[in-house]
Structures are given as structure tokens and as C-alpha cells.
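**Student:** Quick note, the sequences are listed as chains A and B, same order.
Reading the first sequence from the start, the letters are residues 239 to 673 in this note's numbering.
Reading the second sequence from the start, the letters are residues 112 to 266 in this note's numbering.
Some clues are possibly wrong.
What the hints assert, rightly or not - Below, a sample of chain B positions facing chain A; criterion: calculated Cβ distance under 7 Å:
no. : residue
1   : Ile125
2   : Asp156
3   : Phe235
4   : Arg236
Stated by the list, open to error - The calculated DSSO-like cross-link candidates involving lysine-lysine, where the alpha carbons are at most 27 Å apart (straight line), are:
no. : chain 1 : residue 1 : chain 2 : residue 2
5   : A       : Lys510    : A       : Lys480
6   : B       : Lys258    : B       : Lys214
7   : A       : Lys640    : B       : Lys167
8   : A       : Lys640    : B       : Lys214
9   : A       : Lys480    : A       : Lys416
10  : B       : Lys210    : B       : Lys258
Hints listed in this document are in silico derivations from the structure and should not be mistaken for laboratory results.
Backbone N, C-alpha and C define an ideal beta-carbon position, used for all residues, glycine too.
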Amino acid sequence: MGENNTQGIILDPWFEHYAERSSGLSASEVRSLFAVANRPEVVSLAGGMPFVRAISADQIKNTLSRVIDQSGPEALQYGSGQGHPLLREHITRMMALEGIAARPDDVVVTTGSQHGLDLVARLFINPGDIVLAESPSYVGALGVFRSYQADVRHIEMDEEGIIPSALTEAIEVARAEKRPIKMIYLIPNFQNPAGVTLSAARRLEIIDIAESAGILIVEDNPYGLLWFDQPAPPAMRAAGDKGIIYLGSFSKTLAPGLRVGWVVAPHGIREKLILANEAAVLSPSTFSQLVVADYLSHNDWQAQITEFRELYRERRDAMVAALAHELPDISHTTPGGGFFLWLTLPEGLNSKEMLPRAVTELVAYTPGTAFFADKRGAQHMRLAFCYPTPEKISEGVSRLAKVIRDEVELINTFGPTSSSTDASEHVASPPPNLA
Amino acid sequence: MTSSPSVLVLAGGISHERDISLRSGRLVADGLEANGVSVQIADPDATLVERLRSEKPDVVWPVLHGASGEDGALRSLLEMMGIHYVGSPSAATRLAWDKPSAKTLVERAGVHTPESISLSRDAFRELGAESVLGVVSDTLGFPVVVKPARGGSAQ
Numbered sequence: 239m240g241e242n243n244t245q246g247i248i249l250d251p252w253f254e255h256y257a258e259r260s261s262g263l264s265a266s267e268v269r270s271l272f273a274v275a276n277r278p279e280v281v282s283l284a285g286g287m288p289f290v291r292a293i294s295a296d297q298i299k300n301t302l303s304r305v306i307d308q309s310g311p312e313a314l315q316y317g318s319g320q321g322h323p324l325l326r327e328h329i330t331r332m333m334a335l336e337g338i339a340a341r342p343d344d345v346v347v348t349t350g351s352q353h354g355l356d357l358v359a360r361l362f363i364n365p366g367d368i369v370l371a372e373s374p375s376y377v378g379a380l381g382v383f384r385s386y387q388a389d390v391r392h393i394e395m396d397e398e399g400i401i402p403s404a405l406t407e408a409i410e411v412a413r414a415e416k417r418p419i420k421m422i423y424l425i426p427n428f429q430n431p432a433g434v435t436l437s438a439a440r441r442l443e444i445i446d447i448a449e450s451a452g453i454l455i456v457e458d459n460p461y462g463l464l465w466f467d468q469p470a471p472p473a474m475r476a477a478g479d480k481g482i483i484y485l486g487s488f489s490k491t492l493a494p495g496l497r498v499g500w501v502v503a504p505h506g507i508r509e510k511l512i513l514a515n516e517a518a519v520l521s522p523s524t525f526s527q528l529v530v531a532d533y534l535s536h537n538d539w540q541a542q543i544t545e546f547r548e549l550y551r552e553r554r555d556a557m558v559a560a561l562a563h564e565l566p567d568i569s570h571t572t573p574g575g576g577f578f579l580w581l582t583l584p585e586g587l588n589s590k591e592m593l594p595r596a597v598t599e600l601v602a603y604t605p606g607t608a609f610f611a612d613k614r615g616a617q618h619m620r621l622a623f624c625y626p627t628p629e630k631i632s633e634g635v636s637r638l639a640k641v642i643r644d645e646v647e648l649i650n651t652f653g654p655t656s657s658s659t660d661a662s663e664h665v666a667s668p669p670p671n672l673a
Numbered sequence: 112m113t114s115s116p117s118v119l120v121l122a123g124g125i126s127h128e129r130d131i132s133l134r135s136g137r138l139v140a141d142g143l144e145a146n147g148v149s150v151q152i153a154d155p156d157a158t159l160v161e162r163l164r165s166e167k168p169d170v171v172w173p174v175l176h177g178a179s180g181e182d183g184a185l186r187s188l189l190e191m192m193g194i195h196y197v198g199s200p201s202a203a204t205r206l207a208w209d210k211p212s213a214k215t216l217v218e219r220a221g222v223h224t225p226e227s228i229s230l231s232r233d234a235f236r237e238l239g240a241e242s243v244l245g246v247v248s249d250t251l252g253f254p255v256v257v258k259p260a261r262g263g264s265a266q
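Model the full assembly from the supplied sequences, consistent with the hints where possible.
**Tutor:** Written out as C-alpha cells, the structure reads:
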């Protein structure tokens, strides 16, 4: 029984029955700390929750009424495994804003883009297959890849995003090992967690590298429309089909509670995705799809996105200003959009070990170890500015600065701790609001 | 026949021992419920005092770890509000919470405890960690067990 048997007590009688792939589904020991982060006295800079209160409740009420009045029986019924045609139509118009020319028939609606990623991983990943991802990468994607027993390899990034030469090198290494690389997973816009945007020139370079190596690109783009200073470069999928699977989402531009996302994929893959979608959920929620479609039909959704941009820009500015004031010597990214910035701690500090002390000081963040599959990241943390008000952000950064200064003083007194960065297994299975 | 008492189990709180507290609290509540006791569980926050005033539980059962639960403050408050609770009184809790104080007290009572030294963070900073640890090494020898003066749920 090994680790499941503590002093003779069998904690889970089904332990021996689980499939091998479920071994990656371990609860995080920091999970309970994140539960505390929702309490009003704690300033949470941890979760990537959109500020849905900015959406007009009246608009949503009207939408719900119309859906029930006009399409009630349809909304409550099973639907198509590919998704509702009306919504797919809207989705193509939304993607056109980022340069993607797609037809409704190219789109598969999913239960959030997380579900889309799960379906893609299910279609392609055998245990041990290699997935290339940015360094760091989205914790929710790492969870999906882990559950399909992929070997995730991180590719270095700089301020322009993933470095093409590092990608080429990783492909060569895998080829030398005679190991299949199934996909390159990227968040090109305002990346989660680093807040970095892949430059326009590099997008084309990466597409060329992937195309000549015969490797799929999975472009995850939940934040693309949420730019602050200037629009992001055109989506990678805008360059054409070229072996790119595009993941889109309404979670950040409308509301994550609706759980509506989509996938655009090359034709053959799209057909498989529809079958996989049907096998998993029969059909994505018709009700949610009709709510989104109605909302988009009857409201100025682009104005809502503009409002979100202004709101998040103000919060980004508040966080950057607070960091400059409280922690002037600490380096961090300054994102041009999205929800997150990536902070690098002074040498010797460990963000995961520091978290309980931060929570005691009533501030929460996400340790950098959550965003690596290979036990790195302890010297980093992700700070989310999307949810707290600017005042709360300033207060949270001030509390965080105190914790960091205390840690630095400890390091100066005793030297760095030896417990290291062996922490990545503990950040599996994050709570949803961590995403 | 008297009705069973109403019990409010306190579990959770803000500390790095929150998870352990929640699990312990659930166990206590399950045990009480299995014995026919009416139980509610509360995560102590800014609404707790108001809840205690309005619900007036017969007994509060604190299963909290970390400062808010173990430093005696909550128990002092319950005493002041006239609410019965399970566990040691606030004065004893306050002494037990601080390991150096607790150790001195049990030594005085004739209980053998391991040889030890209590050192503040300031002592390390001002006197130099290396030289302070040199004295520890010369007198106690290694290995030594290092514990924070306050806090618990050691693993």
C-alpha cells in the first residue's frame, strides 16, 4: 500500500484500482491555502478570476429571459456535438478581430477551452509522448498533459516570447532520442503566467519551424482581445491552417461560469474532435451556448471588451506602481494585456515555502512551481491583477513586500534553505479559480 | 428527557495549518453527529462573534491550529461571552502555545524534557547565525531538532 497506508489505516480502499494516468491527479497541499484566499480579509493575487461584476446584470437577465421565451425547449435539449450553428457563426466574427478567417463549420464548441485542450490531448497524446511548452506554462494545461502522461519539455522564453532557436534545439534533442513530439503548446498573447506576448516576427518563425518538423501547434488564446497598450499581433492561426489548432474561450471576454469555449482545427482533426466531444459530453450545454449567442446578438459586446480592457489596464498599472514603490529592486514582467505578471524573487527565496507565511499576512499568490512540469519555478511567482480593485492590489503588494523583506532578512541571517524546488508534484490539480 | 446540546465546531482559520484543522474539525463533527449531537461547523472569520451571539450554541468545540486557535485569545473571548467550550482554559492554552514557556513549566513540575535552547530571530541576526550555531553544536551536538517557538502540526 506504500504511501496510502499510514500507520495501518487504509485511507482509500480503491487505491490499487486507479488507472496509471490518475496518478497525476494529486491534490495540492497549497489548495487549502487558496481556499482561504477567497476570504474578504485576504487580498488574493493568486486566482485568475475575471471581474464578472463589470458585466451588466440587466443584460444577462434580459438574455436569459429571451432564451427561455424564444428557444426554451431547444435550450433544454441535447444539441449537436459540434456546437450550435448560431454560436459558431458569432465565434467566427469574434476570431476575425484577431485576423482569423474561419467558417462556422471549422469551429467545434467545447465546455470551456480547457475541455477543448483535454480533447486535443486525448486525441494525440500517448504515454511518454513529448509536448513542448513555454517556460513557464499554464498550470491547467500542465495538468491536462500530466493526466495523459505526456513528457512536457519547457522551451525558454524572453521578452518576445518563446525563443525559436531553443525550440529548434528541443526538437533536435527529442529527434535524437527517437521520441515523438506531439504538439507545441503556446499562449502567444499575454501569456499565463508570464504576461509575455510572442512577437509577430517570431510567430511566423515558430510556425515555419513547426511546419518543417511536422509538429502541431496548439494556440491557446483566452486573453488576445484583452490588450491594454496596443493590440496583440494577429493570431498564429491567422497565417492559415498550417497545422495549428486554435483554442478560444468566452471565459475572459464574457463569463467563465457559462463554460463555453471552442476549437478551430484542420479538417481531419476537427472531425475527430466532434466525435471525442460527443463521447465525452454528448453535446456542449445548449443552454449556455444559446445564452452566449443571444448576448452577442443583442449587446455591444465589443464595448464590453473595451470596458474590460480599461478595467484591467488600471489594475495592471496599480500593481506595477505598487511593485515599483514597495519592491523597487525586484524584477517582473509588465504585461501589455491579460491578467498576470511574473515576478522573480531575490536569490535563495522559495515562493512555495513562503506562501503559508504570506497567507498569514493576508495576501496570496501562486508559486512559480505550479507552472513547470520539471520542478523549476521556486524563485518565481505569478501575480494576478484581474480581480482585486486597485486599492486592494496596492494593499496586497504592500503585504507581500513585507513577507519578502522578512524572507530576505532570514536568508541574510541563515543562508538559503536546502529544501528546494522539489515541489512541482504538489501543485497538481489546482482549484479552478487558480487557472 | 433532555434534548442534546448544540455544538459549534470551529475549524479552518487562516494559518498554514488550515487544512489539518478542517480535517480534524470534520472528524470531530462526524463523531458527534454519530452520537446524536446537533453539530454545526464554522470557519472563524469576521462574522463569528455575531454568529455566536445569535445562535448561542451550548458548546463551542475549537479544532483550530495556528495562532488564532492555539494562543488562548479565542478561548478568552468565549469565556468573556459566557460560552462553554471544549479544551483547556485560555490561561493554560496561552502558556502551552509558547514552547519555551511550556517546556520550562513542565520541567519545573519534574517532567524530563530534552536539553534545549531557545533563540530568538534577533539573537541570530545580531550575534551572527554561524557563531550562535557553533555554541549549539559544541554543547548539544548534532543532530538537533529545530522547532519554531510557536506553531504546530509538525510533519
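**Student:** It remains to establish, for every hint, whether it holds in the given structure.
**Tutor:** Checked hints:
A distance limit of 7 Å between C-beta atoms decides the matter here; for Ile125/B the minimum to chain A is near 5 Å, and the interface restraint holds. About 6 Å separates the beta-carbon of Asp156/B from the nearest beta-carbon of chain A, less than 7 Å, and the hint is met. The beta carbon of Phe235/B comes within 5 Å of a beta carbon in chain A, closer than 7 Å, and the hint placing it at the interface holds. With 7 Å as the threshold, the beta carbon of Arg236/B comes within range of chain A, its nearest partner Cβ sitting at about 5 Å, so the hint holds.
Under the criterion of a C-alpha separation no larger than 27 Å, the hint pairing Lys510/A with Lys480/A is consistent with the structure, at around 18 Å. Between Lys258/B and Lys214/B, the direct Cα distance comes to roughly 12 Å. Compliance with the 27 Å bound is thereby established for this hinted pair. The hinted pair formed by Lys640/A and Lys167/B fails the criterion: a straight-line CA distance of about 39 Å is larger than 27 Å. As the CA atoms of Lys640/A and Lys214/B are separated by approximately 31 Å, the hinted pair breaks the 27 Å bound.
Note on Lys480/A and Lys416/A: the hinted pairing holds, with a Cα-Cα distance of about 24 Å set against a maximum of 27 Å. Straight-line distance between C-alpha atoms of Lys210/B and Lys258/B comes to about 9 Å, which keeps the hinted pair within the 27 Å bound.
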